[in-house]
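Undergrad: Add chain A to chain G, keeping to what the hints say.
The primary structure of each chain is shown beneath.
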Amino acid sequence: MAAINRDDVAHLARLAHIEMSAEELDRMAGELAVIVDAVKSVSEAAGDGVPATSHPIPLSNVFREDEVGHTFTAEQALSGAPDSDADRFKVPAILDED
Amino acid sequence: MSDATLSFEEAMEKYDPVLGFEVHVELNTKTKMFSSAPNVFGDEPNTNVNEVDLGMPGVLPVVNKTAVESSIKIGLALNCKIAESCRFARKNYFYPDTPKNFQTSQYDEPIAYDGYLDIELEDGTVFRVEIERAHMEEDAGKLTHLGGSAGRIQGAEYSLVDYNRAGVPLVEIVTKPIEGAGSRAPELAKAYVAAVREIVKNLGVSDAKMERGNVRCDANVSLRPHGRERFGIRSETKNVNSLRAVEHAVRYEIQRHAAVLDSGEPVIQETRHWHEDTRTTTSGRAKSDADDYRYFPEPDLVPVVPSREWVEEIRATLPEPPAERRKRLKQDWGYSDLEFRDVVNAGVLDEIEETIIAGATASVARKWWMGEIVGRAKNADVDPGQLGVTPATIVELSKMVEAGKINNKMASAVLDGVLAGEGTPAEVVEKRGLAVVSDDGPLLEAIDAALAAQPDVAEKIRGGKVQAIGAIVGGVMKATRGQADAGRVRELILEKLGVTA
Numbered sequence: 001m002a003a004i005n006r007d008d009v010a011h012l013a014r015l016a017h018i019e020m021s022a023e024e025l026d027r028m029a030g031e032l033a034v035i036v037d038a039v040k041s042v043s044e045a046a047g048d049g050v051p052a053t054s055h056p057i058p059l060s061n062v063f064r065e066d067e068v069g070h071t072f073t074a075e076q077a078l079s080g081a082p083d084s085d086a087d088r089f090k091v092p093a094i095l096d097e098d
Numbered sequence: 001m002s003d004a005t006l007s008f009e010e011a012m013e014k015y016d017p018v019l020g021f022e023v024h025v026e027l028n029t030k031t032k033m034f035s036s037a038p039n040v041f042g043d044e045p046n047t048n049v050n051e052v053d054l055g056m057p058g059v060l061p062v063v064n065k066t067a068v069e070s071s072i073k074i075g076l077a078l079n080c081k082i083a084e085s086c087r088f089a090r091k092n093y094f095y096p097d098t099p100k101n102f103q104t105s106q107y108d109e110p111i112a113y114d115g116y117l118d119i120e121l122e123d124g125t126v127f128r129v130e131i132e133r134a135h136m137e138e139d140a141g142k143l144t145h146l147g148g149s150a151g152r153i154q155g156a157e158y159s160l161v162d163y164n165r166a167g168v169p170l171v172e173i174v175t176k177p178i179e180g181a182g183s184r185a186p187e188l189a190k191a192y193v194a195a196v197r198e199i200v201k202n203l204g205v206s207d208a209k210m211e212r213g214n215v216r217c218d219a220n221v222s223l224r225p226h227g228r229e230r231f232g233i234r235s236e237t238k239n240v241n242s243l244r245a246v247e248h249a250v251r252y253e254i255q256r257h258a259a260v261l262d263s264g265e266p267v268i269q270e271t272r273h274w275h276e277d278t279r280t281t282t283s284g285r286a287k288s289d290a291d292d293y294r295y296f297p298e299p300d301l302v303p304v305v306p307s308r309e310w311v312e313e314i315r316a317t318l319p320e321p322p323a324e325r326r327k328r329l330k331q332d333w334g335y336s337d338l339e340f341r342d343v344v345n346a347g348v349l350d351e352i353e354e355t356i357i358a359g360a361t362a363s364v365a366r367k368w369w370m371g372e373i374v375g376r377a378k379n380a381d382v383d384p385g386q387l388g389v390t391p392a393t394i395v396e397l398s399k400m401v402e403a404g405k406i407n408n409k410m411a412s413a414v415l416d417g418v419l420a421g422e423g424t425p426a427e428v429v430e431k432r433g434l435a436v437v438s439d440d441g442p443l444l445e446a447i448d449a450a451l452a453a454q455p456d457v458a459e460k461i462r463g464g465k466v467q468a469i470g471a472i473v474g475g476v477m478k479a480t481r482g483q484a485d486a487g488r489v490r491e492l493i494l495e496k497l498g499v500t501a
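As they're listed, the protein sequences go chains G and A.
Mapping to the numbering used here: the first sequence position 23 is 23, numbers consecutive.
Mapping to the numbering used here: the second sequence position 473 is 473, numbers consecutive.
Extracted from the complex, chain A is given alone in its bound form:
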């Protein structure tokens, strides 16, 4: 059964959306949050587990110091305050993904709180998202539902559980209610999750691959009539795990809520499941007394008390924030807004920076990556950075062009040769015989022939109509099959005819 929806435009006319996000970030520590079992993705089931992960009686958790450090890094990067003291709590629930029957999390004392993130939308508008808290917890095991309709819990006969993921360190980042985004709410949702992913990747604390579940988003949406202060009832769409899906899920929920409110019914506070295939959500379950998690302080763990010295030490190691880096690079490189946005959207910022460091100018680096490499990568269906073009190759190619050894058209062919594994640019030029004819001998012969073939043109040039030279240059280029340096040809023709340009 699919739910009624209003068009997005109509929903926006009538209602004001309020958003909220819970983003879970899996840390890339070597071991788990509370046990020394490896934190590795993709291994054989139930091989990265020990007695702590399996919740055996009498075992004791011990906190992973690196995971705490990573959490502080995330907190600092989100402009949060780092708690003077914080503790863990038990979140009690029965579900086979957690063998302990509770998740060790933080409740009333998160490690980081009261932060913000400035989110830049595509047109440059900056929107501040307030961060409520970022707290440490552990991931759960992975369930596979079998029997009945495959993969769905409804009708499943049994489930198989792999606890390799159980106990993997997580940081959950919770926003305050986000108001005032209006019709840009879906775009903001996507940009926010993208920014969080970029930050944790830049910090080096997470692999940040959404397709692997390293970054997972629960999106809260509610609507209220324009002008009303009180929030509407929200839905929470779980596990929206791609940037595109975040945008679509928020848009869909806005349209669905609007239709519910229009019909005079109350919105039900419930979890919703996102379906990528239909780009819709379906009802999960309503809030009930099963949500009484009976949090209480974890008696097996002592408080985490990050000294101010430790926090400052960590702060000193933080890399430049991605947004600031972009601002700096744009200024350094002198690209226009549009040029820079294209570079960012094409995902070649790092590559261009490396190419410039390797010795190319900013405009040459951009010309190569945007003009030559991005298109090839698209055809090969890989990221530009994975195509195998090194900064050194580009620098060598551009030097050859500048020195007049090859022209731009040849350089493109040389790049093809390099990518086909024919060797360095110099080797490809050699093997393919691509060098511009720079020996004046053969050029002069070709010029003589071209002048003889078009005596009237030669006469015009002699008479001062230098712009007519194109016809002669063209003849020479044709005769040398494009392998001549057009600039040099022009010089030689003028010399020959005794004309000064």
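Isolated chain G, as found in the complex:
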């Protein structure tokens, strides 16, 4: 079994700001362990000659020229916001300031 336990899931849930019940934690710990195991089988398939990759397509240097494109108006930018004030997004005060 993969090394992912209930505490790991609880930690991840806290980091991801997801509230999970005890029941859900138990279930997810089991499911995630299976998933991690499945992904692990890739390392068996890849031999030493296969470099690790983070992207499935063998592309590099996909760049954009530094030319100004379209922008939103403040009104458009804020159109989906739950709340706004003075052309800015209004959010609850967040105390754990970095």
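If you're looking for bench data, these hints aren't it; they were derived computationally from the structure.
Just to be clear, a hint being listed does not mean it is correct.
Here's a subset of chain A near chain G, in silico, CB distances under 7 Å, partners left out [as the list claims (entries may be wrong)]:
hint : residue
1    : Pro-96
2    : Leu-160
3    : Glu-276
4    : Thr-278
5    : Thr-280
6    : Thr-282
Here the structure is a predicted model, which is why all the values come from computation and not from measurement.
By construction, the Cβ of each residue, glycine as well, lies at the ideal position given by its N, Cα and C atoms.
TA: Then chain A, alone, in the frame of chain G:
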């Protein structure tokens, strides 16, 4: 609550400081790092944004080629190696300054690494600072905390967010631990940040205005007892955004750490907030599991693979490094160490260079900028270069002085006239009637009068006591209200009296 501190001297007696810096440089590209929205400071809120900057579902980032080029330039200027291949990563955290809930940054594969910068302190001592890495990332939006005590997050009821800055290209430059600076640590801190700012400005890749946040510094400080190799626990003072503040913040943290260690308590690894008004720091927050950023490779971006040809092309376009340029100019101009340092500290290096290019000698250029212009700029509370004196004006003025049309005192008055908008130096001389009296007629009359007024002096000169001539010259200068060329007056007097000097 203010923290206990030791005097800096006592702290230095007992402990050895180790520094580290993270300097964020905002690039001055036209557009953002991953979107084509404009990178412009000071516009109306949320107008320089599009769907990528707002982190809308399904959008894809595309890397700005110029930002990559600028990053390579910075890496090269910091004597770094440029990665053969590098990639972006997601730094995951929840805070409203980033609408995506992650910052796109570089983690295990920075574009530049293993560099160094030789920092020259004020007395000429050179100190090498090793650069760990310089990596590409994006800036966050700007929060304004409202309600409660204004501007402070503590007690704020809500925050307003402007995403114009979100996605602006940043290069973060990280040093290796800096050891051995001793009591010069605060000075070195300031000089290092100044050098980085100067370099990115000289490269033309950033506006480099610290007051606008184009260059921002996080300063790490730790102390260890003398002779111990292992580092102490560090604090990280965030957003120290002026050169003076960098120096003060490092000094303060050294004094605070020393007091903590003296009391037998451990230093807490935490972020500190710098307060310019009191020149102190206060506790931010301690490292916690919220600092688990769960970095992983950004799946929406492909690797950046700078070919060696591209890197060399870029290297070939780099301007002369500021420190080397200073060395060259000092030698070319023949200034003494002190003269040159004064020129650098007065911030008129560029101006003097331009003035020399325009045709003045090095000593004339220095005399004008240091003797006349720097003082006027100080009185007007502007930078000398912004006073409105052009190299052409100085060249014209110095030519007039050399030709004997005006003397030094008049030249200073002519400069005032030019700055007051009265026209070119020639026009000011004309309008103010400042020209030295060069027609010998009026001079001879004045000389006759002066000799007649002081017959005894005239006799002395005739008798060979040429040094007595000053009294006659003075009389003539007085009679012509300073508008005569003293050298010419002297010649005419001697001629008149038939004396050869």
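Undergrad: All the hints need checking, so say for each whether the structure fits it.
TA: Quick rundown of the hints versus the structure:
1. Pro-96: The hint holds - Pro-96 (chain A) has a Cβ within 7 Å of chain G, the shortest such distance being about 4 Å.
2. Leu-160: holds, 4 Å
3. Glu-276: This interface hint is violated because 18 Å lies over the 7 Å limit.
4. Thr-278: violated, 19 Å
5. Thr-280: violated, 18 Å
6. Thr-282: This interface hint is violated because 12 Å lies over the 7 Å limit.
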